[in-house]
Amino acid sequence: MSGRRPNRKGSARKATARRAPVRRRRRRGSKEEEKLLTVGVVVVVGVSLVVALVQWLLVHWWVLVLAGVLAGGTGAVWWQQQVQRRRWEAARAQGLRFQVGRLDMLGHAEFEHAVRDLLLRDGCRDALRTGGRGDKGADVIATDPAGRRWVIQCKHRRDGLAGAAIGTPDLQRLNGTARPVHKADVVVMLTNGRFTRDAVPFAGDQQMHLVDRHMLARWAAGSWPLWELLPKIPPPRRPAH
Numbered sequence: 119m120s121g122r123r124p125n126r127k128g129s130a131r132k133a134t135a136r137r138a139p140v141r142r143r144r145r146r147g148s149k150e151e152e153k154l155l156t157v158g159v160v161v162v163v164g165v166s167l168v169v170a171l172v173q174w175l176l177v178h179w180w181v182l183v184l185a186g187v188l189a190g191g192t193g194a195v196w197w198q199q200q201v202q203r204r205r206w207e208a209a210r211a212q213g214l215r216f217q218v219g220r221l222d223m224l225g226h227a228e229f230e231h232a233v234r235d236l237l238l239r240d241g242c243r244d245a246l247r248t249g250g251r252g253d254k255g256a257d258v259i260a261t262d263p264a265g266r267r268w269v270i271q272c273k274h275r276r277d278g279l280a281g282a283a284i285g286t287p288d289l290q291r292l293n294g295t296a297r298p299v300h301k302a303d304v305v306v307m308l309t310n311g312r313f314t315r316d317a318v319p320f321a322g323d324q325q326m327h328l329v330d331r332h333m334l335a336r337w338a339a340g341s342w343p344l345w346e347l348l349p350k351i352p353p354p355r356r357p358a359h
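The letter at position 128 of the sequence shown is residue 246 when you use the numbering used here, and the numbering goes up by one with no holes.
Bear in mind the hints are in silico, worked out from the structure with no lab data behind them.
Don't take each hint at face value.
Stated by the list, open to error - Taking CB as the label site, the calculated pair distances span: (1) Gln324 - Arg276: 23 to 29 Å; (2) Gly219 - Arg355: 34 to 40 Å; (3) Ala170 - Glu150: 55 to 61 Å.
Predicted model, so just to flag it, every value in this text is computed and none were measured.
Cβ atoms here follow ideal geometry from the backbone N, Cα and C, with glycine treated the same way.
Working from the sequences, and respecting the hints, build out all of it.
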């Protein structure tokens, strides 16, 4: 027989290591019970409050009637305001007119917004002013009632005809992005000023449309849509409504 004594410390450590998971399980179980108890208390309190509220409303039924009348009246007022606003916007769009002298006094962004408003007047419901940094040559984009996509670049001249003329370099930049990038059916360069002599044949060769001061004045002050004033417009994509 060996004279070595049994290692009591090692045995104690092993026993402690075995017992540890049992203690942890008990702690976890107690926490879960506490959570369930808390949830149960919250549910009971919530149900009690709902029941009490329902009972109170059954006794004071006139509160529900009053709330319904107030909600109905508020909704009716809101709906009436929306209808009036739409009617006002439609009447304003139909009667929208601009004198070219007034357009001269606008800033560049305001000029683009005015062109967008004229397209809205003519029935382009999705007309959008897109001018600014990163516009890739498109200041206004719209779809006309016949389904054609219009891409318009606006060149505002505060001095009108006395301002710098728009030449082929500007047309080339617009032509490079209007169809490939913006998927245009109709490409328009529009100005309250004038174009150079070489701009006109270049636009014809590239199937672009030029709107100078005289055309703009006729469109803005009249009641004709732009597609009825410009020649050689592509055929409709869908029947006009």
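Exercise. Which of the stated hints cannot be reconciled with the structure, identified by number in ascending sequence?
Worked result: 3
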